[in-house]
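Sequence order for the protein chains is A, B and C. Following this note's numbering, the residues of the first sequence are numbered contiguously, the last one being 342. Following this note's numbering, the residues of the second sequence are numbered contiguously, the last one being 290. Following this note's numbering, the residues of the third sequence are numbered contiguously, the last one being 561.
Quick caveat, the hints were computed from the structure, so don't treat them as lab data. Each hint should be verified, as a subset may be incorrect.
Unchecked claim - Cross-link-like lysine-lysine pairs, in silico, DSBU-like; alpha carbons within 35 Å at most:
| hint | chain 1 | residue 1 | chain 2 | residue 2 |
| --- | --- | --- | --- | --- |
| 1 | B | LYS83 | A | LYS311 |
| 2 | C | LYS294 | C | LYS539 |
| 3 | B | LYS286 | A | LYS280 |
| 4 | A | LYS278 | B | LYS290 |
| 5 | B | LYS140 | A | LYS298 |
| 6 | C | LYS284 | B | LYS117 |
| 7 | C | LYS430 | C | LYS237 |
| 8 | C | LYS237 | C | LYS385 |
| 9 | C | LYS541 | A | LYS158 |
| 10 | B | LYS83 | C | LYS277 |
| 11 | C | LYS532 | B | LYS286 |
| 12 | A | LYS298 | C | LYS385 |
| 13 | B | LYS181 | C | LYS219 |
| 14 | C | LYS350 | B | LYS117 |
| 15 | B | LYS83 | B | LYS140 |
| 16 | A | LYS311 | C | LYS430 |
| 17 | A | LYS278 | B | LYS140 |
| 18 | C | LYS237 | C | LYS294 |
| 19 | A | LYS158 | A | LYS187 |
| 20 | B | LYS233 | C | LYS277 |
| 21 | C | LYS385 | C | LYS352 |
| 22 | C | LYS539 | A | LYS311 |
| 23 | A | LYS280 | A | LYS311 |
| 24 | A | LYS158 | A | LYS280 |
| 25 | C | LYS541 | C | LYS385 |
Unchecked claim - Restraint-style ranges between C-beta atoms, simulated for each label pair:
| hint | chain 1 | residue 1 | chain 2 | residue 2 | range |
| --- | --- | --- | --- | --- | --- |
| 26 | B | ASP121 | C | VAL298 | 46 to 56 Å |
| 27 | C | LYS385 | B | LEU249 | 34 to 44 Å |
| 28 | C | ARG287 | A | THR185 | 51 to 61 Å |
| 29 | A | PRO265 | B | ASP121 | 51 to 61 Å |
Unchecked claim - Looking from chain C toward chain A, a few residues come up when the C-beta cut is under 10 Å (computed):
| hint | residue |
| --- | --- |
| 30 | ASP489 |
| 31 | ASP529 |
| 32 | LYS532 |
| 33 | GLY535 |
| 34 | GLU537 |
The structure presented is a predicted model; accordingly, all values stated were derived computationally and were not measured. Where a beta carbon is used, it is the ideal one built from N, C-alpha and C, also for glycine.
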Amino acid sequence: MSAQDVLVLAETRGDALADVTFELLAAGRELARTTGGQVLAVLLGPGGAAYAPALAAADRIIAVDDPRLAEYSPEPFASALREVVEAEQPRAALIAATSIGWDVAPLLAARLDAPLATGCQAIRPDGDGLMATASFCGGKMTAECRVAASPAILMMLPGSYRPTGETGKGELEQRSPAAPLEPGAIAFEQWIYPEAGDVDITQQDVLVAVGRGIQQQDNVELAEELAQALGGAVCASRPVVDQGWLPATRQVGKSGMTVKPKLYLALGVSGAPEHQEGMKDAELIIAVNTDPKAPIFDVAHYGAEVDVLDLMPALGEAIAARKG
Amino acid sequence: MNIVVVVRQVPDLIEPLEIVPSGDALDLDAASFILNESDDHALEQALLLKESGGGSVTVVAIDFGDVDNTLYTAAAKGADRIVKIACDGDTPPAARDSAAVYAEAIKPLRAELVLVGVQAHDELDGGLSPFLAAALELPYVGVIRGVKAGDAPGTVAACKEFPGAVMARMNVKLPAVLGILGADQPPRYVPVSRIRGAMKTTQFEESAATLAAGELLLSVSRLYPPAPATRAEMLSGSEEEIAGRIAEILAEKGLVK
Amino acid sequence: MAATNGHNGAGLLEKLGKLDSGKPPFGCMQCGLCAASCPLGPAMEYPPRKLILQAMAGNLDKLLTSPSLWMCVSCYACSKRCPRGIELAEELWPALRDAAMQAGHQPPAELQETFQNVFKYGNVLGKSPRQRLQWAKDLDVRVLDLSREPRPVDVLWLVGCYPSYYPRNQVVARAFARIMTELGVSWGILGTKEKAVGECDRMFGEEGLFETLVEQNRQMFDEQDFGKIVVLDPHAFRALQSFYPRFDAWYPVQHYTMFLEEYIEQLKPLMVKPVEAVVTYHDNCCVGRRCECYDPPRQLLELIPGVKLVEMSRNRDDSLCCGGGGGGMWLDAHIVANGGRRLSDERVQQAAAAGADTLAVSCPYESSRFEDAAKVTGLEGKLKVRDIIELLAESMDLGERSMA
Chain A
19 MSAQDVLVLA ETRGDALADV TFELLAAGRE LARTTGGQVL AVLLGPGGAA YAPALAAADR
79 IIAVDDPRLA EYSPEPFASA LREVVEAEQP RAALIAATSI GWDVAPLLAA RLDAPLATGC
139 QAIRPDGDGL MATASFCGGK MTAECRVAAS PAILMMLPGS YRPTGETGKG ELEQRSPAAP
199 LEPGAIAFEQ WIYPEAGDVD ITQQDVLVAV GRGIQQQDNV ELAEELAQAL GGAVCASRPV
259 VDQGWLPATR QVGKSGMTVK PKLYLALGVS GAPEHQEGMK DAELIIAVNT DPKAPIFDVA
319 HYGAEVDVLD LMPALGEAIA ARKG
Chain B
34 MNIVVVVRQV PDLIEPLEIV PSGDALDLDA ASFILNESDD HALEQALLLK ESGGGSVTVV
94 AIDFGDVDNT LYTAAAKGAD RIVKIACDGD TPPAARDSAA VYAEAIKPLR AELVLVGVQA
154 HDELDGGLSP FLAAALELPY VGVIRGVKAG DAPGTVAACK EFPGAVMARM NVKLPAVLGI
214 LGADQPPRYV PVSRIRGAMK TTQFEESAAT LAAGELLLSV SRLYPPAPAT RAEMLSGSEE
274 EIAGRIAEIL AEKGLVK
Chain C
158 MAATNGHNGA GLLEKLGKLD SGKPPFGCMQ CGLCAASCPL GPAMEYPPRK LILQAMAGNL
218 DKLLTSPSLW MCVSCYACSK RCPRGIELAE ELWPALRDAA MQAGHQPPAE LQETFQNVFK
278 YGNVLGKSPR QRLQWAKDLD VRVLDLSREP RPVDVLWLVG CYPSYYPRNQ VVARAFARIM
338 TELGVSWGIL GTKEKAVGEC DRMFGEEGLF ETLVEQNRQM FDEQDFGKIV VLDPHAFRAL
398 QSFYPRFDAW YPVQHYTMFL EEYIEQLKPL MVKPVEAVVT YHDNCCVGRR CECYDPPRQL
458 LELIPGVKLV EMSRNRDDSL CCGGGGGGMW LDAHIVANGG RRLSDERVQQ AAAAGADTLA
518 VSCPYESSRF EDAAKVTGLE GKLKVRDIIE LLAESMDLGE RSMA
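Given only the sequences and the hints, what does the whole structure look like? Please build it.
See the structure below:
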């Protein structure tokens, strides 16, 4: 153990490691470079060893197993993590801002009387402390927060780091807690899955949005073909839904869904503030509208002032050409 | 069920946020304040539980910002008791530091269930709810969307939200603290005439709890707004040329598979 | 009448019996003229006639929870035709909506939001009050902000929420400022202190919110020294003319068409540019049918050289509502989901059928509603929508000019 190590709480989603875990490992590697320590990945729950190869970016992989860790509940997870942190005495513990992270990080910080910073986008050393750059106030303000004490519990904002190709020593250790974990007052009962139904646009990586500019219901099909070619789904601004051309489950905006896809292709969408609210955080926004003053161009990364009805078939061909 | 709800005032993001001259804090004099959204959900959840299972709802708030308006609205919606904690000075305490004073105000209320919004956008040092639970020495689980009376007496079933709209139903033995993301239904609307009525009839109780200066584990050294967004890069040419350029951009980002 | 589900039927009927207009709603003879006149009647579970019937029978539960309650767009066609003069749109519907909310029934979410916006920010759009003067940024005429520089003026101009904040309507506000200045009118505004007049809140049933606004506005108006209030919004006109006085808040008020009509002689020589357009005027419901002001808007349009005025087959008191009043501006989705149609779509088609290439309006809701409708009905490019103010300003050559 070293007082300069960086601990990363790995999480699984279904049968695989959650994407955020790889972001955390990248953050951990970067921080460990400056502290001169190792990256420790901690996995809580049964079967942790199976994930060790995927956690190759870490130097040590600590898989903790206990019957109480079979399903998530706050008390056993917080206790198990606390034990590891107290044993390893890392400089920092990086936890993702996930449903589990939002419980475990503060519970850990409270029990250890350790500092906690949330919304972290970047961390750097600052004298003998750490400086975390954190986003808050709905993304409208950034704070530089100095954290002196160890361990610094840092909740990382998803999307702040890109997974790294770096590898560490990848040594696996399997452990059990020193004493059997207490169940606590809160127990997992069962998973509840959403009803099967229409497409969940909030879960799509690619969205092709149609607005009034598509003019007629028949043209929605063109958008659907494009969406399919890109592996995504069609969504709509409110007026299109009002017209009944698409169901309400496809509506994006203040009175619809908020989406953050990798691609938001806005076709004939004017981008009124009510609509922008639902999609402005998409990673890549490309907007097509004949009106150069359409507000969508204030949030889009790329724009084109052409008729969507002409562009859609041309774009379909261009994409097919790239694939073929 | 004896339920306590904590409601907080947060800076209204509709106004541009301003920073004090020293650069290390928000200028709260320049800000206007509104009820923290997830606390509104926590209140709604409390009212729903009371309506279905009986009991009482007590709302606790630090006296800051436009809190009176929020508290009269809570009373109009059906809260039974309103407890105000005095706030000395111009700034309310940060989330973690305030946990102790809320705990002090809540302990005498003998709550079976404490509901707090799981996040407030002005928090930097973690949410209030888990630290409040720690200060009250009560169990905690957060990111909860929906709470119902449990099968066994003295329990509730809380749905913890995971990605993909998947929920984990958690059985919670009371007393406990829950960090609320959403209630079983959206916060109810109460007509303004009811709020005006509440202004005439509601008595606030003053809590004896006082804020003690805590050790600052986190210090903000600088605040700044993120870099401003720029307008779209406009593509020009014929439809085919533009389509080609868009396809190129998509391919570069790995979106053409 | 027995109390059911917590509604005190007797209490509501008593209240309805004492409606402000002083006329009992139950002189109704069930003739059905109201339902037949109602543009959304066919889609309502309880069109006006049936609504009264149910109210009289004490079946309030059904009424207060029916989606019909939130489908009235306050077009006043019903009360215009009612042989008994029952104030259906103006009194009965808001009273029922108020009763529904008092009983704990939730209004449609979109309306809830507008109430909260007005309550918190003083405007329906939920925008920051500090941004209320954005419409006047870099305006080439002087804007007197009476909240900062109080002084006597002839006209206190209440700009309105949409003209202050909504881009499509901001150009109309700017044009009106220029026209008044060109006419040498002594005018001022309340700047960032201006709040919604509250007509829509009253019509939506938020009586408490309306009262709050009357109190706040009265206080502000009484601090000022002005001859009359001028508004761009017909709804605001109606509220200031008829509802505010019930709270003892009396102010002389004109809709801008009435105001400018008094300046027709001065305007004539200022119409220097022809505007070649075949124009049809859409009579809005508040200033038109409700207040029977049909001629001033037409007289203003006739001033403009090059304008050929044509009439739609449904005009004046028979005009078809755009669907924006009574909450309609926010309830299109609710109305369509309940089998109603978008009235603005039908109306633009009527405008095109009349042979017009320009649809002239005088209500802030209408510009965007009709432009959206034109896009959806394939009339974009064939039918322009312009506020009368915009047409006047174009002819007066008072177009957009920067300060530079």
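Restraint satisfaction for LYS532(C) [CB to CB of chain A, less than 10 Å]: At about 5 Å, which falls below the 10 Å cut-off, the nearest Cβ of chain A leaves the hint on LYS532(C) intact, so it holds.
Pairwise hint evaluation, LYS311(A) against LYS83(B), where the allowed Cα distance is 35 Å at most: It is violated: about 51 Å lies between the C-alpha atoms, which goes past 35 Å.
Range hint compliance [Cβ, PRO265(A) to ASP121(B), 51 to 61 Å]: The hint (51 to 61 Å, Cβ to Cβ) holds, given that PRO265(A) and ASP121(B) are roughly 54 Å apart.
LYS284(C) paired with LYS117(B) [C-alpha distance capped at 35 Å]: holds, 30 Å
Pair hint LYS539(C) and LYS311(A), alpha-carbon separation not exceeding 35 Å: Distance of about 20 Å is within 35 Å: holds.
Status of the given 46 to 56 Å range, CB of VAL298(C) versus CB of ASP121(B): holds, 50 Å
Interface hint for GLY535(C), Cβ within 10 Å of any Cβ on chain A: holds, 7 Å
35 Å limit on alpha-carbon distance, applied to hinted pair LYS286(B) and LYS280(A): holds, 9 Å
Satisfaction of hint between LYS237(C) and LYS430(C), Cα-Cα up to 35 Å: violated, 39 Å
Distance restraint between LYS532(C) and LYS286(B), which requires alpha-carbon spacing of 35 Å or less: holds, 34 Å
Outcome of range test on Cβ distance (LYS385(C), LEU249(B); 34 to 44 Å): violated, 59 Å
Holds or violated: LYS385(C) to LYS352(C), with C-alpha atoms at most 35 Å apart: holds, 17 Å
Violated hints for the displayed structure, listed by number in ascending order: 1, 5, 7, 9, 12, 17, 18, 19, 27.
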